[in-house]
Amino acid sequence: MNAPHSSMRSVASTLVATALLLLVSCSLGTQGPPGGFVLAAVPKGPQTHTIVIRELKFQPAVLTVKVGDTVEWKNDDIVPHTATSTRPKKFDSGILPVGSSWKYVVTKRGTYLYDCTLHPNMKAELIVR
Amino acid sequence: MKSSSVLVLSAVALLGSLGFASECVAQQPPSDANIGAIVLAANQIDIDYGKLALTKSKNKEVRGFAQQMVTDHGAVQKSVIELAGKLHLTPVENDTSNSLKAKSVEVTAKLKSLRGKAFDKFYIDNEVAYHKQVTDAIAGVLIPNAQNGELKAALQGAQTLFLGHLEHARNVQATVDPTAAHDAKNPK
Numbered sequence: 233m234n235a236p237h238s239s240m241r242s243v244a245s246t247l248v249a250t251a252l253l254l255l256v257s258c259s260l261g262t263q264g265p266p267g268g269f270v271l272a273a274v275p276k277g278p279q280t281h282t283i284v285i286r287e288l289k290f291q292p293a294v295l296t297v298k299v300g301d302t303v304e305w306k307n308d309d310i311v312p313h314t315a316t317s318t319r320p321k322k323f324d325s326g327i328l329p330v331g332s333s334w335k336y337v338v339t340k341r342g343t344y345l346y347d348c349t350l351h352p353n354m355k356a357e358l359i360v361r
Numbered sequence: 573m574k575s576s577s578v579l580v581l582s583a584v585a586l587l588g589s590l591g592f593a594s595e596c597v598a599q600q601p602p603s604d605a606n607i608g609a610i611v612l613a614a615n616q617i618d619i620d621y622g623k624l625a626l627t628k629s630k631n632k633e634v635r636g637f638a639q640q641m642v643t644d645h646g647a648v649q650k651s652v653i654e655l656a657g658k659l660h661l662t663p664v665e666n667d668t669s670n671s672l673k674a675k676s677v678e679v680t681a682k683l684k685s686l687r688g689k690a691f692d693k694f695y696i697d698n699e700v701a702y703h704k705q706v707t708d709a710i711a712g713v714l715i716p717n718a719q720n721g722e723l724k725a726a727l728q729g730a731q732t733l734f735l736g737h738l739e740h741a742r743n744v745q746a747t748v749d750p751t752a753a754h755d756a757k758n759p760k
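Heads up: the sequence lines are chains X and R, in that order. Take 233 as the starting number for the first sequence in our numbering and just add one per residue. Take 573 as the starting number for the second sequence in our numbering and just add one per residue.
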């Protein structure tokens with residue numbers, strides 16, 4: 233006798249709970265337009281990419297970025313290094329002491345081969361699209 | 573049996589190429605304690621050459637390289653001492669470390685006797701030769717004989733660093749003595 237009634241109630245309360253959850257997730261989940269779902273990612277502005285120097289390696293050894301992005305080289309090794317483009321010659325960090333970092337805003341498309349002038353066997357590549 | 577005697581022979585040949593005393597004929601493969609002493613000696617020698625160059629040279633490239641040798645080999649020296657402590661490895665002097673030191677006494681005397689461009693040329697030529705000899709010995713003798721895994725890994729790291737120094741030294745050599753530029757670009 234009570235069974236149909238109670239199941240109706242539980243369906244109803246489930247619906248209400250779901251609606252509430254959706255409302256909450258709408259208002260909390262994004263900073264998008266009020267009441268609207270944000271389905272596509274908003275195009276991002278210039279980004280910062282970090283290249284870590286450790287154990288005599290640039291990591292990652294090949295990095296692809298966009299014009300306007302910032303590339304940061306961080307020296308986490310036990311000796312000083314540089315990040316110096318060799319072909320074409322475009323950027324040079326100068327000597328980066330242990331624990332320091334250097335930022336460079338890329339302005340021109342191309343493929344830049346760079347190395348450490350102090351240890352020229354450390355080679356890497358920056359691709360700007 | 574056969575392969576071990578080949579190893580010993582090649583070890584002797586490589587050690588011989590470091591300019592070791594000719595009486596050291598019956599070379600034993602170096603122990604980890606010997607390797608520790610060899611690396612410490614090799615580092616210290618290059619730190620001392622660098623310090624001397626900083627007091628004598630006026631050449632910007634040479635001074636920059638010398639400062640780098642003091643800094644880099646100093647950092648390696650520190651990590652070698654730390655590793656030896658961690659592994660309870662007491663460096664044991666041996667024919668190789670002793671003859672490295674003996675040879676460095678001669679080179680230091682020569683460096684002290686020179687000035688100006690002659691000093692710069694002798695210093696950088698010696699740095700190229702020294703890093704070549706040391707990296708050959710690390711690859712051919714020290715790494716193959718290192719027993720402890722951490723010591724072997726540390727040697728491999730040092731090898732990458734020293735090969736970087738060798739390449740940089742050749743670049744500096746080419747600026748100090750343009751006639752050496754061809755050799756620098758085409759090593760061997």
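Just so you know, these hints were derived from the structure itself, not from any lab. Hints are supplied without guarantee of correctness; some may be wrong.
Calculated cross-link-like contacts (lysine to aspartate or glutamate; reagent style EDC-like; alpha-carbon spacing at most 16 Å) [as the list claims (entries may be wrong)]:
1) X/Lys355 / R/Glu739
2) X/Lys276 / X/Asp308
3) R/Lys724 / X/Glu287
To give an idea of the chain X side of the interface with chain R (calculated C-beta under 7 Å), a few residues [what the hints assert, rightly or not]:
4) Gln291
5) Ile310
6) Leu328
7) Val337
8) Leu345
9) His351
10) Pro352
Yeah, the Cβ is synthetic: ideal placement off N, Cα and C, and Gly gets one too.
Violating hint indices (sorted, rising)
2, 4, 6, 7 and 8
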